[in-house]
Amino acid sequence: MGRADLIVCSGAQLEIGWLPMLLRKGNNPDVMPGSTGFIEASRYVKRLGVDANSDRSQGDVHPQGNPHIQTNPHNILLVANTMTERMSQLDTDNAETYQLNLQDFSERWNKAIAAWEERALPLRGKRVIAHHKSWIYLEDWLGLEEVATLEPVSGIPPTASHLGSLLDRFGE
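So the sequence shown is numbered by the numbering used here: it starts at 1 and just counts up by one.
Certain hints may be false.
As the list claims (entries may be wrong) - Below are the DSSO-like pairs computed for lysine-lysine, each with C-alpha atoms no more than 30 Å apart in a straight line:
1) Lys111 - Lys46
2) Lys126 - Lys46
3) Lys111 - Lys133
4) Lys111 - Lys126
What the hints assert, rightly or not - So the derived label-pair ranges between C-beta atoms look like this:
5) Val8 - Asp93: 16 to 22 Å
6) Asn81 - Thr159: 40 to 46 Å
7) Asp30 - Asn81: 17 to 23 Å
8) Ala95 - Asn27: 26 to 32 Å
9) Lys111 - Asp140: 18 to 24 Å
10) Ser154 - Ala4: 27 to 33 Å
Keep in mind that the hints were calculated from the coordinates and are not lab data.
Keep in mind it's a predicted model, so treat the numbers as computed, not measured.
Each residue gets a CB set at the ideal place from its N, CA and C atoms; glycine is no exception.
Based on the sequences and whatever the hints tell you, model everything.
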């Protein structure tokens, strides 16, 4: 951390338990939040699950929004654009290479997204039960409806009674 030029994190408080301490110990003003060398990826996408009334006492919740942005591949492109811009600022000698690599990546990634979306069409409107609230970006992207989670409270392992109630509601 002390010699880093760039730090990239998911953000939305996903790293709250460890990143602030590392940044303090690294004592590098170039990679502190708000600096050119710090990218909080979730700031560059539409955050889902923002709930200003929730707090960490309610389990593994994220008042600033769900940090699992990578489950929607469109978000990857948004973050890649930001990373390319920032790396070009920090390393101007290689800016053209970063831009060319982004262009190549974007073309290949967009083709992959189109193929995935075509394959996923039959899933649209399906109801799903997730283990943890980490899939809302994927569900939003594919048009899935999350009807329950295995965890009774986010971050708390499921109990037998909770699993039994899910079976009663949704099981065959």
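Against the structure, the hints come out as follows:
At roughly 22 Å between alpha-carbon atoms, lysine 111 and lysine 46 fall within 30 Å of each other, so this suggested pair holds. Between the alpha carbons of lysine 126 and lysine 46 the distance comes to roughly 23 Å, so the proposed pair stays at or under 30 Å and holds. Proximity of lysine 111 to lysine 133 is assessed by CA-CA distance (about 28 Å); at most 30 Å being required, the pair is judged to hold. With a C-alpha separation of about 24 Å, the suggested pairing of lysine 111 with lysine 126 holds against the 30 Å cut-off.
Separated by about 20 Å at the C-beta atoms, valine 8 and aspartate 93 satisfy the suggested range of 16 to 22 Å. Checked against the hint of 40 to 46 Å, the C-beta distance between asparagine 81 and threonine 159 comes to roughly 43 Å, which is consistent with it. The beta-carbon spacing between aspartate 30 and asparagine 81, approximately 21 Å, falls within the hinted interval of 17 to 23 Å. A hinted range of 26 to 32 Å for the beta carbons of alanine 95 and asparagine 27 is consistent with their spacing of about 28 Å.
Judged by the Cβ atoms, the range 18 to 24 Å given for lysine 111 and aspartate 140 holds: they are separated by roughly 22 Å. Between serine 154 and alanine 4 the CB atoms are about 31 Å apart, so this pair conforms to the stated range of 27 to 33 Å.
Going through the hint list in order, the structure satisfies each hint without exception.
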